[in-house]
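> Listed in order, the protein sequences are those of chains A and B.
Add 150 to the 1-based position in the first sequence for the working numbering, that's all there is to it.
Add 150 to the 1-based position in the second sequence for the working numbering, that's all there is to it.
In case anyone wonders, no lab produced these hints; they're calculated from the structure.
Model, not experiment: these values are computed from the prediction.
Among the hints, a few may not be true.
Residues of chain B placed beyond 10 Å of chain A at every Cβ, according to the derived structure [said to hold, decoys possible]:
#	residue
1	GLN162
2	ASP191
3	LYS262
4	LYS298
Quick list of in silico lysine-lysine cross-link-like pairs, DSSO-like style, CA-CA up to 30 Å [what the hints assert, rightly or not]:
#	chain 1	residue 1	chain 2	residue 2
5	A	LYS238	A	LYS328
6	A	LYS238	B	LYS152
7	A	LYS209	B	LYS238
8	A	LYS398	A	LYS328
9	A	LYS238	B	LYS155
10	A	LYS238	B	LYS209
11	B	LYS337	B	LYS294
Even for Gly, the Cβ is constructed at its ideal location relative to N, Cα and C.
Number of protein chains: 2
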Amino acid sequence: MKTIKDIAEEAQVSTGTVDRVIHNRSGVSAKTKEKIQKLLDKYDFERNLLASALAFKRKYVIATLIPSSKSKNEYWYSPQKGLKSAFKEIQKYGVEAHYFYFNKFDLDSYKKNLDLILKLNPDGVVFAPFFYNTSVAFAKTLAKRNIKFVYININLETANNLSFIGQDSFSSGYLSGKMLNLCTENKGDLAIILSQKNIDSHRAITSRVEGFLNYFSQNHPQKNIEKISFENINPTQVKKVLTKALLKNNTIKGLFVPSSAAYTVAEFLESVQLTNIHVVGFDAHQNNAKYIKKGIIDFVVDQNPFDQGYLGVKILFEYLLLKKQPNETYNSPLVIVTKENVDHFMVTSTVEFST
Amino acid sequence: MKTIKDIAEEAQVSTGTVDRVIHNRSGVSAKTKEKIQKLLDKYDFERNLLASALAFKRKYVIATLIPSSKSKNEYWYSPQKGLKSAFKEIQKYGVEAHYFYFNKFDLDSYKKNLDLILKLNPDGVVFAPFFYNTSVAFAKTLAKRNIKFVYININLETANNLSFIGQDSFSSGYLSGKMLNLCTENKGDLAIILSQKNIDSHRAITSRVEGFLNYFSQNHPQKNIEKISFENINPTQVKKVLTKALLKNNTIKGLFVPSSAAYTVAEFLESVQLTNIHVVGFDAHQNNAKYIKKGIIDFVVDQNPFDQGYLGVKILFEYLLLKKQPNETYNSPLVIVTKENVDHFMVTSTVEFST
DNA sequence: CTGAAAGCGCTTACAG
DNA sequence: CTGAAAGCGCTTACAG
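Sequences are here, hints too, so could you generate the full structure?
Given below as structure tokens:
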């Protein structure tokens, strides 16, 4: 492996000049530059990043924005851990992390944090773009200011983000359809549990429902699927609405919860001893895990939330420091979680490699 | 963050002496040592590993040993990729990788490679311990020679390995039982497909079968489960034996294949158009994926084979370079793979972080 | 436009 | 037992 010094000697220039060419900095004559570039190419030069990082002093500021989680039982606790874990690994390169959190049901809280981020003027942002219109506008501002950004969990299909890390929501809904059909043995009616507040703020919910319905229209077009709607999923409303809905239609054998709140539904089913109704939902956070273990939630499609946070930061950092262009999309896996494997997930990425 | 220099100044010694204390090298008076250690503790000193690695010259030799894979469609191709990917990341620290491969049905080929490894006399070994007795003896030799080693995929429960990375086989069999019962709707008889050669060389197979049977004895004790045995699973034998077995007992609705060769069975079922028989197997390598996509294999329990190779090398390397003590066990997840999610697995670890 | 030199934080002979 | 100095490979003011 050649070093900058080797290249410099062969080109009969100083190492400083080679460094300038490598980083495409100005102040090198076209002739010298060409000569050096040829050698760089010839030897397929890769600079020693250890030495580079050691000598390099530029500090990067990265902001992150995700929903706050009240406890570690909630979904967003995991991406948060992923973010922190990634920062822990890269802090030695002089990266400054700024964490922002918003209330995912409150547009104002979201907006307030966006403003704080703009005020901070970071080099990059990793965030979960809730609230479609607001996020699109924010993305435009970032692009204009040349602040790099990565979406996690929710994709916005704007052109100017660096990358998106998350699940294909349609597919995950489709898979949920299959799993619910399997555990109800293709019998009885089904219902989708919809919360208006979720739908408004979280773009993936709608795609999940589409995927779910698509599974049935393709495989069991005769299936009767109801929709049970709430303003907001919480124990009181769930009790009220579900009692009514399930009493009215006692042929319902399976419930699909396209948000991460399946545990709220499970809690209700347990309390009224409705043990013959199957539930499929999303995400294996602690709140859900409790009911997965009891078998009240039959299946959940998980998406390795830790990795979403972890990868988001890593990708952004590598782009900033090394100009390494990430993929446009990193698909989170569709992880099927059920009673028997809920405890067996190994969080690979937590094995931090402390370079 | 304090540096060695800071500590040295405060202790009124040279940086060399601080370095000696940090690494617990001899040649420091008890008094000086204590003084320095106190400061180290006080500031919770962590040395800069970038600088350390840059200045450090010791080379490490790591050997790996896994079954050879004829094509990238086979199981062992993934751990192999994991091994290589890890080495690619750490080669800049001066690690020398030596890859060894054996025929997993041939004890002699295994032994031959063990000898080669001993001749190489590496600092560490990452390997899949097939052939129980031979592996146990090998482990003893390694321990005696103070060569560190990590098991991947198969656990030997010897006391002297650094770590084991792989699945809990019993649980994975148990989960397979549940999935097979689910897709057969708890109807009909089941059969386990056993290959003597696999059982002899691969210790996990037996535990998987135990787990599978345990699921039924706990949940459906009346279930009739046959065993169909082969000398070795290959298309010719499968055809011969299965034709006979499935004709004889046409109440069999589900097959459990406790090895990674479910595709061989699926191939047969497809060729004779036995579409009403469900199959559950192991591992989502390409050969199986083909039949998972067709729906002929209903489910497979995967174990993130890439990570096993990747983590194995990383853990060993970190121990060697940094004396970082790994966990005793890294449980690979029980990943349920079916038609709808087989394409959606994101291999996080392939996003190499090129420090 | 280019080079010489200092420095990042640690490790390692070497000298005493 | 301990220190001074050189060096790992790169980056960065500074000088010209």
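> It remains to establish, for every hint, whether it holds in the given structure.
So, going through the hints one by one against the coordinates:
1. GLN162: holds (26 Å)
2. ASP191: holds (19 Å)
3. LYS262: holds (33 Å)
4. LYS298: The claim holds: B/LYS298 sits with its nearest Cβ about 17 Å from chain A, beyond 10 Å.
5. A/LYS238 with A/LYS328: violated (39 Å)
6. A/LYS238 with B/LYS152: holds (17 Å)
7. A/LYS209 with B/LYS238: Satisfied, since the Cα-Cα distance of roughly 27 Å is no more than 30 Å.
8. A/LYS398 with A/LYS328: holds (25 Å)
9. A/LYS238 with B/LYS155: At roughly 23 Å apart (the allowed maximum being 30 Å), B/LYS155 and A/LYS238 satisfy the hint.
10. A/LYS238 with B/LYS209: Given that 30 Å is the threshold and the Cα spacing comes to 27 Å, the pair holds.
11. B/LYS337 with B/LYS294: violated (54 Å)
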